[in-house]
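**Q** Take a look at the letters that make up each chain.
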Amino acid sequence: MTAFGIQLFTPSGHTFFSTQSTTWSYVGSFIAPANAAVSHVFDALSLIGEVIIQRAFIDSPPGNQEAIIHTCTRNGNTITASGGNVRTMVVVMAR
Amino acid sequence: MMHGITVKNTVGHLLISSEFECMHCAGAAQFVSTIASGLTSLPNYGGYSLLNGRHIHRYAITGNPADPPMFFIKPTAMDESHGILNQWSSSNQWYVDVLQTGATSQPPIVLAFMLPSAMPASGQGYGIATFLPNGRLAFDSRLRPLAIYHAQSVVPPAVPCNGGTPQSNDGYSWNNSTLDFDFNCNNKSNRYDMPATVTQDNLMFSAPCTAQAVYSRKKYGFKRSCSTYGGCQDHWSTACWWAMYHQAYRVNTGSVIAGWGMYAAGYWFTSNWEDGSGFLGTGLFGGGGGSTSTGAQPYADKTINLSENTIIVADARYYL
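Sequence order for the protein chains is A and B. Just so it is clear: in the first sequence, position 36 is 36 by our numbering, and no numbers are missing. Just so it is clear: in the second sequence, position 199 is 199 by our numbering, and no numbers are missing.
Some hints here could point you the wrong way.
Claimed, not checked - As a list, the in silico DMTMM-like pairs of lysine to aspartate or glutamate whose alpha-carbon atoms are at most 25 Å apart:
hint, chain 1, residue 1, chain 2, residue 2
1, B, Lys218, B, Glu308
2, B, Lys302, B, Asp182
3, B, Lys188, B, Glu274
4, B, Lys302, A, Asp43
5, B, Lys302, A, Glu50
6, B, Lys218, A, Asp59
7, B, Lys223, B, Asp170
8, B, Lys188, B, Asp275
9, B, Lys302, B, Asp180
10, B, Lys223, B, Asp275
11, B, Lys188, A, Glu66
12, B, Lys218, B, Asp182
To be verified - Derived coverage of chain B by chain A (criterion: at least 3 residues anywhere in the stretch with Cβ under 8 Å from a Cβ of chain A; other residues may be distant):
hint, segment
13, 138 to 146
14, 149 to 162
Hints in this document: simulated from the structure, not taken from any laboratory. Just so it is clear, the structure is predicted and the values come from calculations on it, not from any experiment. Heads up, the beta-carbon is just placed ideally off N, CA and C, and yes, glycines get one too.
Throw the hints in and build the complete structure from the sequences for me.
**A** Right, dumping it as structure tokens:
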């Protein structure tokens with residue numbers, strides 16, 4: 001048991017959220033259009049140093065094309081997605 | 001920040017903040033159908049059990065088109081690889097296609113996570129909630145917020161085929177169509193450590209199939225038939241097997257496996273011979289040929305999107 005933190009319980013008493021085991025927090029997401037760069041500002045990132053990004057196909061049948069997904073960079077509280085030829089969902093997590 | 005709530009863990013990682021919205025469990029997405037199944041052999045070529053198999057399962061859940069949910073896969077077959085191929089919205093429904101490897105179709109449970117403001121309020125009267133400065137609900141313990149157990153940037157090996165990079169070679173006998181290459185991908189993966197406090201049976205993960213690849217094996221055959229009268233007739237053949245792959249994942253107790261799953265495959269064959277009808281006026285050798293095909297490969301041999309992407313792992317027991 002840690003000396004501080006937070007634990008949340010179900011009505012039956014089962015722990016479902018504990019700062020002992022939770023590692024990353026979801027900050028937000030956006031959709032980058034095909035063939036265009038886009039930047040998105042997450043104000044919350046000004047509070048946080050470490051970021052991890054997940055990219056996923058969205059509205060893009062994956063079987064019949066050379067589908068290039070966007071790549072992402074972070075500059076301060078701005079996440080930029082670019083270089084893809086398909087719509088890309090960008091999910092930002094931080095801790 | 002003048003007021004609000006911030007929760008950090010013991011090493012200072014920010015876990016809850018009234019400055020941003022958390023994802024919350026909207027329940028299991030409805031299984032729609034298995035839209036593709038099989039691939040235990042190369043279509044049109046045969047060779048029963050040449051391939052390990054793959055299945056594509058489709059799920060749906062009601063949701064705002066402007067707020068894409070995060071989907072988590074809780075495998076039924078924990079030792080098979082899975083991944084999210086694609087998600088899209090239509091008429092206030094979000095759909096997701098999930099890739100599963102293996103000879104047997106075993107649709108996983110798929111859980112959807114959404115912003116709490118898009119979910120109906122819980123009837124429970126206790127817990128903890130945080131709100132953004134604009135009053136929008138950001139965190140509500142009654143709505144089962146997403147507790148991320150582990151997140152890891154991973155990448156699969158560059159070439160998915162168990163047999164390595166397939167070649168295109170000549171020097172084979174005419175009409176040679178014997179496959180001599182292992183297109184399966186179950187032995188091609190990279191392993192990453194993660195904490196082992198949650199056992200494999202309780203893990204679920206969100207992991208997109210972004211890296212993809214197409215590879216083909218070609219055998220060029222040749223025969224020259226020569227007459228005792230001094231003329232010759234040439235024969236050519238090409239046999240081509242191809243497979244398309246998508247990145248796929250497994251989780252074990254204490255590790256994440258980033259590998260591949262087969263998505264599609266095909267075979268085509270051509271056989272031709274030159275017109276020898278003029279040879280000494282014999283008319284013995286007519287030119288011609290034939291072919292068979294199950295469709296062209298989607299693009300030339302290569303791996304694309306081979307860069308690190310993030311798998312998010314959580315404890316499924318909190319949400320099932």
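**Q** Look at each hint and say if it fits the structure.
**A** Hint by hint, here is what the structure shows:
{"no.": "1", "hint": "B:Lys218 <-> B:Glu308", "verdict": "violated, 31 Å"}
{"no.": "2", "hint": "B:Lys302 <-> B:Asp182", "verdict": "holds, 17 Å"}
{"no.": "3", "hint": "B:Lys188 <-> B:Glu274", "verdict": "violated, 43 Å"}
{"no.": "4", "hint": "B:Lys302 <-> A:Asp43", "verdict": "violated, 39 Å"}
{"no.": "5", "hint": "B:Lys302 <-> A:Glu50", "verdict": "violated, 33 Å"}
{"no.": "6", "hint": "B:Lys218 <-> A:Asp59", "verdict": "violated, 33 Å"}
{"no.": "7", "hint": "B:Lys223 <-> B:Asp170", "verdict": "holds, 11 Å"}
{"no.": "8", "hint": "B:Lys188 <-> B:Asp275", "verdict": "violated, 46 Å"}
{"no.": "9", "hint": "B:Lys302 <-> B:Asp180", "verdict": "holds, 20 Å"}
{"no.": "10", "hint": "B:Lys223 <-> B:Asp275", "verdict": "holds, 14 Å"}
{"no.": "11", "hint": "B:Lys188 <-> A:Glu66", "verdict": "holds, 22 Å"}
{"no.": "12", "hint": "B:Lys218 <-> B:Asp182", "verdict": "holds, 13 Å"}
{"no.": "13", "hint": "138 to 146", "verdict": "holds (count 4)"}
{"no.": "14", "hint": "149 to 162", "verdict": "holds (count 4)"}
The structure fails to meet hints 1, 3, 4, 5, 6, 8 from the earlier list, while all remaining hints are met.
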